[in-house]
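A.B. asks: Sequence:
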Amino acid sequence: MTDIFLFAGTIDGRKIAEKLHEKKIPSIVFVATEYGSRLLEESRTLTLRSGRLSGEQMAQEMLLHKPKLVIDATHPYAEAASREIVSACEKSGTSYLRVERESHQIEDAIYFSCLDEMVSRLNEGDEIVFSTLGAKSIGKLSKVKGFQDRMWVRVLPMFESLKTCSQAGLSADRIICMQGPFSEEINVAFFRETKAEILLTKDSGYAGGWSEKINAAKKCGMKIYVLSRPGKTPGISLEEMIKRIEMW
8 MTDIFLFAGT IDGRKIAEKL HEKKIPSIVF VATEYGSRLL EESRTLTLRS GRLSGEQMAQ
68 EMLLHKPKLV IDATHPYAEA ASREIVSACE KSGTSYLRVE RESHQIEDAI YFSCLDEMVS
128 RLNEGDEIVF STLGAKSIGK LSKVKGFQDR MWVRVLPMFE SLKTCSQAGL SADRIICMQG
188 PFSEEINVAF FRETKAEILL TKDSGYAGGW SEKINAAKKC GMKIYVLSRP GKTPGISLEE
248 MIKRIEMW
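For the sequence shown, our numbering begins at 8 and goes up steadily by one.
Treat the hints with care, as some may be off.
Claimed, not checked - Quick list of in silico lysine-lysine cross-link-like pairs, BS3-like style, CA-CA up to 27 Å:
| id | residue 1 | residue 2 |
| --- | --- | --- |
| 1 | LYS230 | LYS152 |
| 2 | LYS143 | LYS209 |
| 3 | LYS170 | LYS150 |
| 4 | LYS239 | LYS202 |
| 5 | LYS22 | LYS75 |
| 6 | LYS230 | LYS202 |
| 7 | LYS22 | LYS73 |
| 8 | LYS250 | LYS31 |
| 9 | LYS73 | LYS30 |
As the list claims (entries may be wrong) - Ranges between beta-carbon positions, derived for each pair:
| id | residue 1 | residue 2 | range |
| --- | --- | --- | --- |
| 10 | THR201 | CYS121 | 23 to 31 Å |
| 11 | LYS147 | GLU48 | 22 to 30 Å |
| 12 | SER127 | GLU253 | 46 to 54 Å |
| 13 | ILE249 | ARG59 | 47 to 55 Å |
| 14 | GLU48 | PRO188 | 15 to 23 Å |
| 15 | ILE193 | GLU63 | 36 to 44 Å |
| 16 | LYS143 | LYS75 | 29 to 37 Å |
| 17 | LYS31 | LYS73 | 12 to 20 Å |
| 18 | GLU131 | GLY58 | 37 to 45 Å |
| 19 | GLU253 | ASP133 | 47 to 55 Å |
The hints are simulated quantities; they were obtained by calculation from the structure and are not laboratory data. The C-beta atom is built at its ideal place from N, Cα and C for all residues, glycine as well.
Make the full structure from the sequences, and use the hints.
C.D. replies: Okay, structure coming up:
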């Protein structure tokens with residue numbers, strides 16, 4: 008019997024999985040990639056599943072295992088994944104809760120509602136750019152004027168990430184494949200070494216080294232371009248989710 012389905016994809020998801028393990032709550036944790044599954048450990052009560060599921064497949068899993076609750080701890084920008092999870096919960100009649108990171112406004116940063124807007128702004132100048140938006144953004148970022156000479160990217164150390172960046176035309180020396188979180192000092196070193204003038208980032212919240220990255224960019228006198236979060240179903244904080252699991 009399975010009590011909880013956890014769709015993970017962030018440090019928050021890892022912390023929730025650890026709490027489920029600690030409380031010995033029968034759970035299945037779903038992660039999109041094998042890389043993500045390697046960051047977690049299975050146990051007698053915690054089962055790991057790696058691989059992307061369609062909304063229909065999610066619904067089938069819910070109907071099969073009949074969990075009492077589905078926890079959505081995917082990335083704040085994983086809009087499609089959250090939409091599929093919500094749809095699957097509605098089809099299967101399963102309760103749904105989403106973990107929502109607190110959003111923070113950055114003083115003097117420029118916010119963009121979509122990548123296309125950000126690309127248009129970047130095409131107005133010729134500054135060196137350091138992107139932490141992830142490999143999925145490379146397709147649109149490749150439309151930036153002087154992309155191959157202006158752009159540095161930091162992505163997860165996965166073959167698919169490297170392949171995506173390489174196929175977009177970036178040379179290997181402009182692709183930084185590393186797993187965070189990164190300290191402020193390491194970020195400063197990256198920014199100074201690349202002579203970056205603009206940081207591209209998501210509004211990911213304080214988890215995962217976000218504030219250290221922002222502080223480093225400010226210390227280096229960089230402009231900060233932020234891709235705003237997509238609209239999602241309102242959620243609860245990680246702390247509140249942990250409390251609910253404690254009381255399970």
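A.B. asks: Broken hints, numbered, in rising order?
C.D. replies: Going through the list in order, the structure violates hints 4, 11 and 13 and respects the others.
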